[in-house]
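Q: Starting from the known structure of chain Y, fit chain P onto it as the hints suggest.
Protein chains in written order, with numbering that gives the first Met the number 0: chain Y, 0 to 532; chain P, 0 to 375.
Careful, some of the hints might be misleading.
Incomplete in silico selection of chain P near chain Y, CB under 8 Å [as the list claims (entries may be wrong)]:
id, residue
1, G270
2, G276
3, L277
4, N290
Some chain P residues judged to face chain Y by a derived CB distance under 8 Å, without partners named [claimed, not checked]:
id, residue
5, R266
6, E267
7, F268
8, A271
9, A272
10, Q273
11, A274
12, L275
13, H286
Calculated directly from the structure, the hints in this document are not laboratory data. We put the CB at the ideal spot given by N, CA and C, even for glycine.
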Amino acid sequence: MADMKETILAVRGLKVNFSTPDGTVEAVKGIDLDVRSGETLAVVGESGSGKSQTMMGIMGLLANNGTVNGSARYRGQELVGLPPKALNQVRGSKITMIFQEPMTSLDPLYTIGRQIAEPIVHHRGGTFRQARKRVLELLELVGIPEPGRRIDSYPHELSGGQRQRVMIAMALANEPDLLIADEPTTALDVTIQAQILDLLKSLQKRFGMAIVLITHDLGIVKHFAERVAVMRRGEVVEQGKTADIFERPQADYTKMLLAAEPSGRKAPPADSAPIILEGRDVCVDYQIGGGLFRGGTSVFRAVDSVNLRLKEGQTIGVVGESGSGKSTLGRALLRLLPSSGHYRFGTTDISGFDRGQMRPLRRTLQLVFQDPYGSLSPRRTVGEIITEGLYVHEPELSRADRDRRAIEALKEVGLDPASRNRYPHEFSGGQRQRIAIARAMILKPKVVILDEPTSALDRSVQGQVIELLRDLQRKHGLSYIFISHDLSVVKAMSDYVIVMKNGKIVEEGHTDAIFEAPKQPYTKTLIGAAFNV
Amino acid sequence: MTDIVQTPVATPETKGRSLFQLAAMRFRRNRAAMAGCFMLALIALFSFLGPLFVPHTYDQVFPSYVSIGPSLEPRPDTSTLQDVMEGVATRARVTLKEFNVEGQTFTATVTSEQPIDARATRYFDRANEFRDTQVVATEDDGRTLKVTGQVDREYFPFGTDSNGRDLLVRVMLGGQISIAVGLLASLVSLGIGVVYGATSGYIGGRVDNVMMRLVEILYSLPFVFLVVVLVVFFGRSFILIFLVIGAVEWLDMARIVRGQTLALKRREFVGAAQALGLTDWQIIRRHIIPNTIGPVIVFVTVVVPKVILLESFLSFLGLGVQAPLTSWGALISEGANNIQSAPWLLIFPAIFFVVTLFSLNFVGDGLRDALDPKDR
Chain Y
0 MADMKETILA
10 VRGLKVNFST
20 PDGTVEAVKG
30 IDLDVRSGET
40 LAVVGESGSG
50 KSQTMMGIMG
60 LLANNGTVNG
70 SARYRGQELV
80 GLPPKALNQV
90 RGSKITMIFQ
100 EPMTSLDPLY
110 TIGRQIAEPI
120 VHHRGGTFRQ
130 ARKRVLELLE
140 LVGIPEPGRR
150 IDSYPHELSG
160 GQRQRVMIAM
170 ALANEPDLLI
180 ADEPTTALDV
190 TIQAQILDLL
200 KSLQKRFGMA
210 IVLITHDLGI
220 VKHFAERVAV
230 MRRGEVVEQG
240 KTADIFERPQ
250 ADYTKMLLAA
260 EPSGRKAPPA
270 DSAPIILEGR
280 DVCVDYQIGG
290 GLFRGGTSVF
300 RAVDSVNLRL
310 KEGQTIGVVG
320 ESGSGKSTLG
330 RALLRLLPSS
340 GHYRFGTTDI
350 SGFDRGQMRP
360 LRRTLQLVFQ
370 DPYGSLSPRR
380 TVGEIITEGL
390 YVHEPELSRA
400 DRDRRAIEAL
410 KEVGLDPASR
420 NRYPHEFSGG
430 QRQRIAIARA
440 MILKPKVVIL
450 DEPTSALDRS
460 VQGQVIELLR
470 DLQRKHGLSY
480 IFISHDLSVV
490 KAMSDYVIVM
500 KNGKIVEEGH
510 TDAIFEAPKQ
520 PYTKTLIGAA
530 FNV
Chain P
0 MTDIVQTPVA
10 TPETKGRSLF
20 QLAAMRFRRN
30 RAAMAGCFML
40 ALIALFSFLG
50 PLFVPHTYDQ
60 VFPSYVSIGP
70 SLEPRPDTST
80 LQDVMEGVAT
90 RARVTLKEFN
100 VEGQTFTATV
110 TSEQPIDARA
120 TRYFDRANEF
130 RDTQVVATED
140 DGRTLKVTGQ
150 VDREYFPFGT
160 DSNGRDLLVR
170 VMLGGQISIA
180 VGLLASLVSL
190 GIGVVYGATS
200 GYIGGRVDNV
210 MMRLVEILYS
220 LPFVFLVVVL
230 VVFFGRSFIL
240 IFLVIGAVEW
250 LDMARIVRGQ
260 TLALKRREFV
270 GAAQALGLTD
280 WQIIRRHIIP
290 NTIGPVIVFV
300 TVVVPKVILL
310 ESFLSFLGLG
320 VQAPLTSWGA
330 LISEGANNIQ
340 SAPWLLIFPA
350 IFFVVTLFSL
360 NFVGDGLRDA
370 LDPKDR
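The shape of chain Y in the complex, shown without the other chains (with noise of 0.2 Å):
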């Protein structure tokens, strides 16, 4: 059916190189792809494999040090090596593109009303003024409540979802053929994920317009593409129909990426395990305004009247969206934030503990980190960064002692040795993410924090990532707690649940019970929108 639809946007042959000072780089080699008039053709693939790259290759939107070779024809008009000027004749207008990053893709200096004028004035013509009328019935498509009012908005006036709902807006003024959406979800909570889908969908059916899709997440292209194409590497290793592809995937890739998905339970730890963390009423408030000269201040409540109880070896999964409190708990639980409420580490009372009171307590209680990429100091080699507690705890370690202890962490989250002397920088985010484990595995913890651990991860290393924090876990009868909005890996990672909302606790329970039979209606929802998008 799909096949007779006519194509209107066919790659062949595309290459993108970047030229680098260790020569040059090859992000795309070579690769072909046809989109059909109204249909969803899903570009899957890990970081790195260039779905990205080929999309701003064809859009010139390329680094400066990157050149784009090979065609790429949009209804018969070569777009490669097309100049700017003529370019702009087709981008912007006839194929229109959004963001990962609806924070960062919108300009922070104009309302939301001129930024989606200004592809219309741009390619129609007119005023500002008369194209008003059409950007409130663009607002009013893409689901923006009152639009009247937000027309005169600023960006971060709005949350993410409805900015991105305002990049789509944007994308399309001027009711594009093609719309390429790079990630469009994955910065967004789970719940907010499903709507901005269902509106791209409903979108398509009014419009008849392509969209591409590119994403690493295969739970969303299940559901919404008709057509993926797997990259790998800069190539395309195999392009179908989608259902083909999830039932009978030909490529060994492609069955590794479709496998990748965490799987396997934590049984409860027994039932006279010691408490080995608690906190009871836990709160922290966080003073908004106030300063030298100004007035009143007013308090925001991120975490309210939170108890939570950790036995020895087991892990409790935060679930919950963004701004509910959960990394906010996870630091004041590690008495790394003001706080107020009581909390005791195994049978020490640590309510009233102080910075110097809590030190020698630290080597216990580490946090592993959401984003390996900011989490690791990038100026220093590997083997400073996980042996620097050491330099706290043991100080009478010597420099030997030191490396061989760097030596046996690394090859616990299973990496080379031999890497200690290199930088962060030359590592992947796979990798950065062990050396964070292991910064806070040497120190051999009682609680670890795991705060988004695998979140910015591709979804196979997440799998890696996931076994390695289970055999630590094992190992060493570690207990976690496991703060992530992706359910999946929760449901994999945790035998007990939380689930916050606004701070405080909406649901807590065994996690079968929680995945299983959700009591309240926002764990429903969550749980909605993680396993059927």
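A: What follows is chain P alone, placed relative to chain Y:
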């Protein structure tokens, strides 16, 4: 366990490239910046090693050569010497038949009606220009005398100033002082500014407020006023110049570092360090300061020329280095006063000054490009 200990430590090929090494690679590919580096090295060599190769000292006065223009010819030139020699001959009541100068020696042939007394050579030595005059040969029964001796010929490729001092040496000395002031004062401002800014930014809150208000108060004090006060209190000395300039320049540095620190503070590796139990000072020293290095280095390359300019301004006011010591700034202000009568007094120090500033700016640009990761 034991076998792990024996694994060879750090095989050379696994040595990673740090961000700094990557930056150095990018820097080396920047032609303008490398040329700037090269020029700076040349100027530093010229200023610091140059005086070893020039026989004059910076405070040596040549009364015979006041305000003479630059020339590659030795002074006095041959025609002047001819005139002087003729004067000498007249005084000695002899006739000059032949006169030649070759390098540092001269030969002259003088004749007279009567035999010439060999002691007539004293007349030659009495002139400033000649010395060690000796009779080489007597001819015509002593009526013709061939004498030879040394000429004091001086080279002033840059000319001399109005006191008769060699401008070449003075430019070298000025370079020494300007470069030293530029570097040392920048280091002083770097040291104070980085520590102050990092501390203020990292600790934040009330401490930050107090520390930054202090900076603003210091900002609002007029520079000259501050200098005059310090000079009055501590007396005039060379060290004071570094301190005064450094004490003023660190304010900018502190603000830049504070801004950087505020951004770095939110980075997760700082959070990780806190979770590891590092103290504030350890975090500042091990994580904050090393990561501010990029913008700081770039800013230093801007501060150095600024400091050199400030120093010349102070010298111009009479608060900087004092004669006979000098700096490029002092030389330029002196040259500016004599621009009509002796333009070279302005031109030479200005050339060196401008080339140095240009080179520093190129190097600064190069460093900024090299250290900016967005370039990649």
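Q: With reference to the structure, classify each hint as holding or not holding.
A: Each hint tested on the structure:
1. With a cut of 8 Å, the hint placing G270(P) at the interface with chain Y holds, because the nearest CB-to-CB distance is about 7 Å.
2. Because the smallest distance between the Cβ of G276(P) and any Cβ of chain Y comes to about 3 Å, under 8 Å, the interface hint for this residue holds.
3. Interface restraint check for L277(P): the shortest CB-CB distance to chain Y comes to about 6 Å, inside 8 Å, so the restraint holds.
4. A least Cβ separation of about 6 Å between N290(P) and chain Y falls short of the 8 Å threshold, and the interface hint therefore holds.
5. At its closest, the beta carbon of R266(P) sits 5 Å from a beta carbon of chain Y; the interface hint therefore holds under the 8 Å criterion.
6. Proximity of E267(P) to chain Y holds as hinted, the smallest CB-CB distance being about 4 Å (cut-off 8 Å).
7. With its C-beta approaching chain Y no nearer than about 4 Å, F268(P) sits inside the 8 Å limit, and its interface hint holds.
8. The interface hint given for A271(P) is met, as the beta carbon of that residue sits about 5 Å from the closest beta carbon of chain Y, less than 8 Å.
9. The beta carbon of A272(P) comes within 7 Å of a beta carbon in chain Y, closer than 8 Å, and the hint placing it at the interface holds.
10. With a least beta-carbon distance of about 6 Å to chain Y, the hint placing Q273(P) at the interface is held under the 8 Å criterion.
11. Among the interface hints, the one on A274(P) holds; its C-beta lies about 4 Å from the nearest C-beta in chain Y, closer than the 8 Å criterion.
12. With a cut of 8 Å, the hint placing L275(P) at the interface with chain Y holds, because the nearest CB-to-CB distance is about 4 Å.
13. With a cut of 8 Å, the hint placing H286(P) at the interface with chain Y holds, because the nearest CB-to-CB distance is about 5 Å.
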